[in-house]
Amino acid sequence: MTEEEEAELDEQADDVEADAEDAESEAEGLQNGDFVEIEYTAYTVDGDQLVDTTDPEVAEEEGVDDQGQEFKPRTIVLGEGHIFEAVEDDIVGSEPGDEGTVTVPAEQAFGEYDPDDVQTVSAEKIDEDDRYPGANVQVDGQQGYISTIIGGRARVDFNHPLAGEDIEYEYEVVEEVEDREEKAAGLFEMYLGMEPELWIETDEVEEEVPVEPDEDDEDAEPEFETEVVEKETLYLEATPQMTMNQQWMMGKQQIAQDIMGKVDVDRVIVQEVIDGMGGMGMPGMMGGGMGGMGGGDIEEALEDADVDADEIVEELEGADE
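If you're matching positions, the sequence shown starts at 1 in UniProt numbering and goes up one per residue.
Simulated from the structure, these hints should not be mistaken for lab results.
Heads up, some of the hints might be wrong.
To be verified - Here are the computed lysine to aspartate or glutamate pairs in the DMTMM-like style, where the Cα-Cα straight-line distance is at most 25 Å:
1) Lys262 with Glu57
2) Lys72 with Asp89
3) Lys125 with Asp157
4) Lys252 with Asp203
5) Lys252 with Glu195
6) Lys183 with Asp275
7) Lys72 with Glu57
8) Lys231 with Asp34
9) Lys262 with Asp179
10) Lys252 with Glu227
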């Protein structure tokens, strides 16, 4: 390659870099990777069936406010697929306070309806309590619902209940979330349907780090030394509700890793809090095994029982001999 060709390639590379910088500087409003708090309500376009909402009044009107879910603004990360892509794309470039309406076509929502996903199966594969039209069932590892059941045969529809439906979203961008603890709380709520109590601290931690080996000693054994390093720690209080949460039990490692990356902390520490039981004691301990003595003084208890402690010791020593 000649010097002129190299110079031309360098010039083209500089132009590409400049164009990228210009595009970045021109990008305004919310962008992919930003945490945003949004309110929204989604209905099917044709049937006006409620799909999802953050509005407690809408939930009450539709009769879904008694399902144990809290209806309030939701925190998402743009570009992470936390909501349908068409809605995310519409939010990108907007500002807090902006509103919008987006129609998500069926193929981008819950998929097109596939008649081949409706199958006839033996009713024996379905629990007796679920043998009725409309019941949600699992057959051979597939989730579906019974459309009809006659005798020993059932027609099970394995399509999503909203397959083939276009969805209309009305949304409002409430605010951009910048506080790291609020970001973490929003992510936990999205994953688990609940917000645990959490906080972030900077801790000093002793850590074993490798020592650079002597370049002249090829056979040198690896050595380590202890250093005190700072770690950004997300502390999390594990309530019984969280401990028994199926999503947390099945995927706590993946959830924690994702949150560490998005919130920029080094580790997550889950703390379990066990409240006192008002002095009830443990069954089968001293109270149960010593005639109700509890944790009192043993010598006093022996005196109350008119037992000579010295005689007991002498008998035990005699037995050892």
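Those earlier numbered hints the structure runs against, lowest number first: 1, 6 and 10
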